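2 protein chains.
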Amino acid sequence: MSKETQKKLINLAHKIVNEINHGVDPYLEIPIRSLTNVKWNEKDGLLRLGEKKSKRYFFNVAYARKFMQTLLIADFCKDLIEENIHTSIRDMYYNLKRTLPDTKENTFETQDESNPIIVDLETNLDTLRENLHLLADRKGIVAGNVKIKDRGDLIDWSKLGSGGWSIPSVVEDIKFVKVNAKFVLVIEKNAGFERLHEDKFWQKYNCILIGTGGQPARGTRRLIRRLNQEFKLPVYVLTDNDAYGVYIYSVIKSGSMALAHASEQLGTPSAKFIGLTPSDVKKYGLEKFTIKATDRDIKRAKELLNYPWFQNKEWQREIKLMIKTKRKAEIEALSARGLKFITETYLPEKLKKKEFLP
Amino acid sequence: MSKETQKKLINLAHKIVNEINHGVDPYLEIPIRSLTNVKWNEKDGLLRLGEKKSKRYFFNVAYARKFMQTLLIADFCKDLIEENIHTSIRDMYYNLKRTLPDTKENTFETQDESNPIIVDLETNLDTLRENLHLLADRKGIVAGNVKIKDRGDLIDWSKLGSGGWSIPSVVEDIKFVKVNAKFVLVIEKNAGFERLHEDKFWQKYNCILIGTGGQPARGTRRLIRRLNQEFKLPVYVLTDNDAYGVYIYSVIKSGSMALAHASEQLGTPSAKFIGLTPSDVKKYGLEKFTIKATDRDIKRAKELLNYPWFQNKEWQREIKLMIKTKRKAEIEALSARGLKFITETYLPEKLKKKEFLP
Chain S
-16 MSKETQKKLI
-6 NLAHKIVNEI
4 NHGVDPYLEI
14 PIRSLTNVKW
24 NEKDGLLRLG
34 EKKSKRYFFN
44 VAYARKFMQT
54 LLIADFCKDL
64 IEENIHTSIR
74 DMYYNLKRTL
84 PDTKENTFET
94 QDESNPIIVD
104 LETNLDTLRE
114 NLHLLADRKG
124 IVAGNVKIKD
134 RGDLIDWSKL
144 GSGGWSIPSV
154 VEDIKFVKVN
164 AKFVLVIEKN
174 AGFERLHEDK
184 FWQKYNCILI
194 GTGGQPARGT
204 RRLIRRLNQE
214 FKLPVYVLTD
224 NDAYGVYIYS
234 VIKSGSMALA
244 HASEQLGTPS
254 AKFIGLTPSD
264 VKKYGLEKFT
274 IKATDRDIKR
284 AKELLNYPWF
294 QNKEWQREIK
304 LMIKTKRKAE
314 IEALSARGLK
324 FITETYLPEK
334 LKKKEFLP
Chain R
-16 MSKETQKKLI
-6 NLAHKIVNEI
4 NHGVDPYLEI
14 PIRSLTNVKW
24 NEKDGLLRLG
34 EKKSKRYFFN
44 VAYARKFMQT
54 LLIADFCKDL
64 IEENIHTSIR
74 DMYYNLKRTL
84 PDTKENTFET
94 QDESNPIIVD
104 LETNLDTLRE
114 NLHLLADRKG
124 IVAGNVKIKD
134 RGDLIDWSKL
144 GSGGWSIPSV
154 VEDIKFVKVN
164 AKFVLVIEKN
174 AGFERLHEDK
184 FWQKYNCILI
194 GTGGQPARGT
204 RRLIRRLNQE
214 FKLPVYVLTD
224 NDAYGVYIYS
234 VIKSGSMALA
244 HASEQLGTPS
254 AKFIGLTPSD
264 VKKYGLEKFT
274 IKATDRDIKR
284 AKELLNYPWF
294 QNKEWQREIK
304 LMIKTKRKAE
314 IEALSARGLK
324 FITETYLPEK
334 LKKKEFLP
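Protein chains in written order, with the numbering used here: chain S, -16 to 341; chain R, -16 to 341.
These aren't lab readings, by the way, just hints derived from the structure by calculation. Be careful, since some hints might not be right.
Copies of the same chain look alike in the list, so a pair counts if it works inside one copy or between any two.
[Stated by the list, open to error] Only pairs whose alpha carbons sit at most 25 Å apart, straight line, appear in this in silico DSS-like list of lysine-lysine: (1) K158 with K130; (2) K307 with K255; (3) K142 with K132; (4) K187 with K323; (5) K255 with K282; (6) K183 with K132.
A quick note: this is a predicted structure, and the numbers were derived from the prediction, not measured.
Take these sequences, add in the hints, and give me the full structure.
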């Protein structure tokens, strides 16, 4: 993937040199990322960028600076790929920040200037920052009956004790050597991961267990998608019963507005929601263990109600219940029924009855 | 360690039953944790709880509720140890929350009530919550020439590809099978961990690399201490050049006020600070890559100035420089000198010249 991106970077440079040689004003074509150009594609179930594009001409005072910055970053990323090293977007900013010779002009004033240019480049080249060798934040842990090859090491996700494998920010180069699992269970909370891991849930139910530690990092979302796409593994997501939990699920499933250009690499449209649902609260008698929803929770829940991919009776009913009761519940509330209730009753029942939200 | 704690829990129960049988008002003796009872012990270099204790009598309306709560949690933890399962303090709260029969009284109203009782129990029994089988938050990654045994798995920290081993919240039961390293390098940022990991820094310099992702979790601090104590490995800490970074170092080294009762298990008094220092900014010409310190940064720096373990000329000079220049710098600022500057120049020079702050 990086090699392909490298070629695209070189082609971009050739295009510009060519324009200069022919006395044409060089320009870059960048898809517009404002909300008006983000649409949910019903066919593939992903948030996508539309067709609208803007042209940035070099000989236009409004664009010249961004033009210069884009080429600087393109050049930087080409070097990263050639030298086969990765770096964070913050390191990149520091590395590229300088004063242009004989001027008082800095290449970048703050990182707020360099970050969006990376996305410009991603969309212009139709690639991911991972292929530009730029690191996103990392968090997320995985365990399961899987063997992978990564940087020459053979890693067995079933033999990592209580720890688990720390998911890196770039998972493009991982080779799956053996994948013995029936599904992927994604859990929002790392403490929940530890509980399920200790009970060897992934062993008993032959699944891959992924802890995201809140909203999953790009590397984790990419890993979920790869397991889903390459091995046809169903993905079930377990979050708190609150608007934030549902949003986490939504991002895993359909992608996010901000990263709509990358949905195809990061989203898993076939993912299903295994819980906690507002209905679970009643079903499992957890009313006493709920928490009052804040105004912000309710506001977010009302937004979720309008998401195109939640326009089905199951989600409408659950989200409306959330708004009506004004209560939320954490995954840990299940512990009120016993510490092993989640691993021995709740999840097995849901899996057996295929009790998922779409 | 858990077995020992189990015995202590049983002894506590025996003590109380005995008091009841003898018609004595049962009581619990809890060390006082207010700041007046926290002192830095110059001899061992750790923040410690003093001798002051309070007695909580059962037949005292002011204490009866806490007394009941303490015994509930003690009983819960004894079961956890017996069944050999671990759980988070939040799961525990949900599991123990109930309405007492024939009353309107709940065992706990919120988690704010159960959390401090855990610390009461830790101090009363002179143990760690890890030995009570209660999980703290987990984060932190490790790589290096080390083999460990954990839950029956043999794990090689040098063969985990780009990921690394995710450090669990309880590291008490880890057995070190092979430790081939000269020192431990702790880095505050996970992106920095990835950079150093990709450059195989731990291989070239024969060290153990630990990424903490901000203020290290208890499991990570415990792991650092175990490596230091059991294998006499020097520990070097790399953080941002700002008051928060220095505070992270301070907590790794001397422990924290809030967990003063656990310093002996969590602190590593011989740890040294490898950077970034305010002096580094000048030395490596990073002035242009610094950030303006906020009022809060300056306030915190002034507090650091008074810490007993920073009463040496090196730290006084550096912290005063931080306050005087009103500038801070991130680890990533080193990338202004080249992406590999940190691994090929900065760290090797510091290690060679033993340029550490105490």
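Hint numbers the structure violates, sorted upward?
Hints that this structure does not satisfy do not exist here, as all of them hold.
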